[in-house]
Amino acid sequence: MGDFIANFGLGQVPITAYLGVSLIMFFSGVYGFLTRKSLLMILVAVELMLNAVDINFVVFNRFLFPGQFEGFFFALFTIAIAACETAVAIAIIINIYRNTSSVQVGDLDEMKE
Amino acid sequence: MQYTLLILALPLLSFIFLGLMDSKLKAHASGLFGTCILGAITILSYFTAFQYFTTQKIDGVYQKVTALQTEWIRFTEYLHIDLGILLDPISVMMLVVITTVSLMVHIYSLSYMHGEKGFQRYYAFLSLFTFSMLGLVVATNIFQMYIFWELVGVSSFLLIGFYYTKPSAVAASKKAFIVTRFADLFFLIGILILSFYTKTFDFKELTTVDTNAFASSTGVTFLGYGVISWAMAGIFIGGAGKSAMFPLQIWLPDAMEGPTPVSALIHAATMVVAGVYLVARFFPVYYFQTPEVLHGVAYIGAFTALFAAVIACVQTDIKRVLAFSTISQIAFMMVALGVSGYEGHEGTGYMASIFHLFTHAMFKALLFLGAGSVIHAVHSNEIKDMGGLRKYMPITNWTFFIACLAIAGIPPFSGFFSKDEILSASYEFSPYLGGIMTFVAALTAFYMFRLYYSIFWGKDYTIKAAEHGHDKHGHGHTPHESPLLMSFPLVFLAAVTILIGIVHCIPTIPHFGEFISSTGEDYHIHIDSTIAIMSVVIASISILVATLMYKKPSSTPDKLEKAFKGLHVAASHRFYIDEVYLFITKKIIFNNVSRPIAWFDRHVIDATMDGFASITHWISNKSKDFQSGQVQQYAFAFLLGTLIITAIVILL
Chain Y
10 MGDFIANFGL GQVPITAYLG VSLIMFFSGV YGFLTRKSLL MILVAVELML
60 NAVDINFVVF NRFLFPGQFE GFFFALFTIA IAACETAVAI AIIINIYRNT
110 SSVQVGDLDE MKE
Chain F
2 MQYTLLILAL PLLSFIFLGL MDSKLKAHAS GLFGTCILGA ITILSYFTAF
52 QYFTTQKIDG VYQKVTALQT EWIRFTEYLH IDLGILLDPI SVMMLVVITT
102 VSLMVHIYSL SYMHGEKGFQ RYYAFLSLFT FSMLGLVVAT NIFQMYIFWE
152 LVGVSSFLLI GFYYTKPSAV AASKKAFIVT RFADLFFLIG ILILSFYTKT
202 FDFKELTTVD TNAFASSTGV TFLGYGVISW AMAGIFIGGA GKSAMFPLQI
252 WLPDAMEGPT PVSALIHAAT MVVAGVYLVA RFFPVYYFQT PEVLHGVAYI
302 GAFTALFAAV IACVQTDIKR VLAFSTISQI AFMMVALGVS GYEGHEGTGY
352 MASIFHLFTH AMFKALLFLG AGSVIHAVHS NEIKDMGGLR KYMPITNWTF
402 FIACLAIAGI PPFSGFFSKD EILSASYEFS PYLGGIMTFV AALTAFYMFR
452 LYYSIFWGKD YTIKAAEHGH DKHGHGHTPH ESPLLMSFPL VFLAAVTILI
502 GIVHCIPTIP HFGEFISSTG EDYHIHIDST IAIMSVVIAS ISILVATLMY
552 KKPSSTPDKL EKAFKGLHVA ASHRFYIDEV YLFITKKIIF NNVSRPIAWF
602 DRHVIDATMD GFASITHWIS NKSKDFQSGQ VQQYAFAFLL GTLIITAIVI
652 LL
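These protein sequence lines map, in sequence, to chains Y and F.
So the mapping is simple: our numbering equals the position in the first sequence, first residue as 1, plus 9.
So the mapping is simple: our numbering equals the position in the second sequence, first residue as 1, plus 1.
None of these hints come from the bench; they were simulated from the model.
In this text, a Cβ means the ideal position worked out from N, Cα and C, and glycines have one as well.
There is no bait here: all hints are sound.
One-sided excerpt, in silico: chain F residues whose CB lies under 8 Å from chain Y:
hint	residue
1	S629
2	Q633
3	A636
4	L640
Incomplete in silico selection of chain Y near chain F, CB under 8 Å:
hint	residue
5	V39
6	L43
7	V114
8	G115
Excised from the complex, chain F in its bound form (with noise of 0.2 Å):
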């Protein structure tokens, strides 16, 4: 399966090409250009698919696949960093979402970014964005995935920052870069400790069950704790600060500075799962080597999930709900890994996780895209400049509608069935968990029909517009539907979220679970009907509540709010925990460590270096003078020099 290198070339080349034509191009031509190589992966990737899955298995069990494996620089005898392609089930499907997803990111800005200044830019970093994203999923060995780790979020700083005369999204997409960029050193520390006592950096060397490679680990501790343990915990805080979990979430309601399409793409389907992807890629090695770090992704999981909830509940900006709530979705597939078990039924978690993971983009990627089409309408972010927009956007009401009933998990849409499978797996690991899980999807489905009504309910748009006097400013024109370009991707990423739901209602066709699963062998999902009704019962009490609240304009919210007013400004403001790192940063970080290494370097070593030219140069200055040039002075000295030696030999 050779081919599988165009995957990652053609994207390559395609940034490779756009950037360096950049403006020399026609704005539609690297438009086109791009979405049409894109195009070409994604059948590459689906044919790719196609073949894994039907002709790799041996055994039952989907084998590993390398399909192609090149030594790049050998360290000793057993370390070397090796680039090449795994295939597996996981990186086939994960393939699969990023090609789909980028795909209708593509065709979706052809007409959202057209007219922009750097629409040319924009392609070409959507091309590199994909390109890293494949080539961090095929990766064969931590390294590997290391680099294109570094450029994912290389990209996503590039592409947040892309409107960079706004400064908001320059120091948006600075934080992004920083936080994230934190969190990849303990995942570099964590890959150092862990190839140093492991000798290798392969997955399939790592991941195998009976591996003798922790051998020379075993009994290594530090502070308390296995080396492995730290090593795995670390790589975990690289997954973390990548996925937003708490307390490296910060970076993510920031980073919807950069333009919609760019957010669907890049913080909400692919890149932000990257951590995800990284635990359960070494999930073998959580579950048998390091079960007690596991067990902490399940805690930190939980906490992200309902903290993240909790705020979405509360803000007024469009793509800040959608992003909280991405951080809560993420947290889902979190718990669901470190509550998994490995054989069999006990795989639940892990399987639910990778589905939650695939179904998420699809209805999420859409919840963004749509938000695109709404604020391309209405040229605003604000929940109070929307209202009544079902009219005016049939199209992306619908599908939006779609994706909310998705992602509160309404049968038979696709959402249902993947967050269904995570609430069993948590209630199996322990009722509290589950319960929080419950409570947590009870809060999103509140806050997305919150969101939903808000937009597409309540008051009208128009009678807003007007109250607010917007006509000033140009904006008052009645919304409209966005055209083919945009409307297209909406409704096919509804029907793929519509499709995955209804075959899942299908019990002959092959579900998720029979492609992938923690063992590579079939897993058959069976609907817990105990967990399913009893959540389907919470998520319409919810979504009913929602309705009362906000679909027509009623003074129930505002009670609420002042009843609960601390709990609401601690919300809005995100309980003050980007306050607390301006704080931990400006206040003791930036006064107590760096302000006095800055006076030490300032004062003590550049004044030493200071002190060594400012000697040197007064003793030349004075030196200077012994050569005036003068050949008569000269002959002087040496006159002088010669009586002296001769009256020194004279007299002794």
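In isolation and in its complexed conformation, chain Y is listed as follows (with noise of 0.2 Å):
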């Protein structure tokens, strides 16, 4: 903790640093994906999750490979990915609440039988 206090003004912050915030915004995805029972807040959750892996990536990329750009691409492609993924999902549920009225995840249980 002490490197990590005295390296934090000289513009060097280590890669665990990096790692602690992508791990914990991933499992706060986890636990909002879990939890939430709203779909727009699961979808949210999923954002997250998917922003975690992106800091990942260009974290990896710049202490594992400087010089290399493949994790950063990598992650503008996640990026337009999650784009894409987003919209669908909306047009998914803005349809999912037209035919129920609802975008409660407890109630889309239809299909079980």
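Since each chain comes alone in its own frame, lean on the hints to assemble the complex.
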């Protein structure tokens, strides 16, 4: 912890700090996915997880393969996919709302039997 | 002679047409249609008979002609079921008998069944029956015969149960069907064994005298008898079922629930003699291969004849008396076949049997139609409701009288000649058997005249009706003679009965034996004077006794009834054979076999299957909860699984 604080002002952020943030984000997403009742909030949780992954890509590229760009491109790629996914998901949610007048995930067990 | 196919095709088409049209046709139109078709077949049959008996003789022997033959199903290199038409003396004679009686019944029914519900259906079934019976007699092989044999059984079932709203008729039709089916099972087994060893179904191959079809079965035995004996015994049981031989006779008296013309056609003249025809058809096989079975046929026949005749003496329903008389007479034919030899004079029995079949068909149909005429007039089957009818129904009276004389064996009526031949054949075989048959003949004369006097003489019907208060049922009107459509068949059949008798009195005209004999050669009927005189005397005495007892009201029958109370009661109950059957089926088979099997089925087999079903159901119900439809639960399970797998991978 001493190193961390000592290096903080020097602009040298250690890799564990990045990974710590991404870990917290990811599991916040997982927690949100499992506990939220609204589809929209679940979607937000999914976005959180995706963004945590993005951070991981960038961090690993920066620390393990400096001078190369695969990780950055992959992060951009994931952002594009996340945008598409959100669009599709919102379309689906709107359709669900039209049919059931509800966006509560607990109501969506029609296909059970 | 391919036109003989028409004899089969016409009634079949008539059945299909009448059956499909049913109530779309007017009742009398369908009746007339059926009758006309039958008239055409009758003419065709007469023509066939004429052509056959005038042209087909080679070396003094009537040849077996296969008019038509087509392969239907091939099983193996040897075994194949053919369909075809075989003409030989007995099948041609049967064609004549069946079409004649059937035509008479068709004409008679036009009036008798007039106004009945289901008149069209009745004629459709009559056509079906005629078709099946004709198919049966012209069959070229056992299997074809078996097919038509079953068809005959079905049409008999349908016609006995014609009044299907009456529970007794339904029960009777079921009984007839089940009993004959049971017998037919043995028939089928017999056919299978026989064809397995001889590798053929064909009658011609089987019944040729020097056939080598039986070569492969020599020495093959089962329980001490040759397999062919078992096969032929099985085939005879099939015949015994249809011909109501003891102990399979129980269905025939009940079959009288059907309309009376049906009883005349099916249960007197044609179907019930199918068993006799079957044995006659296989006669060379029985005689050369399995003489012990043939003797068995004779003994069963003799017992049945006696048994049925005794019962007939005490029955009070006129149709039942005739039914037992039929059983007894068919048994006569069986005895004749059983005691018969093959060559020349030895073959008396065979000839006599077929001759009796022919004459019996005519006079028994006449008796039944006469009984129908009486029932039509007085609306009852019971003797006690009749009496003195000769004044009201002269034609029925005279024709019935002629038939009674014929069945009693009084010359010059047809029954005398055929019965006399049977008696002489029996005496040649064994004097004891001959004695029994003579006694049965005496009983026959007695019960027929008891019936005759009870119906047409005795206390006047109208007085009886008044005494019993029948007026209130509306039955008390004066009985009247039946209309022409009903009396014509009576007169016709009576004429045939007399004519056959007269033909046999004149030596120069060809007799029956010259057309039909065991070998196909001429057989000269000659009356054995001792036996003839004896049987006539005995028959006359029996008739005399019946006259004394029943012509005028007398107390003798009641006294006799009191004297032989046990016998009388037993005979009235048909010697409790039905009860024995019921006991065996209900108490023994149902309780000891069927019920345990039913229990096993319900509690073991069904229970196993039910168990499988309920276990599967339980598991499904439980596992159903895993699939809740809640996405978050799935995700949680997924996460948990991932964590567990990760933990395992890391820790190990």
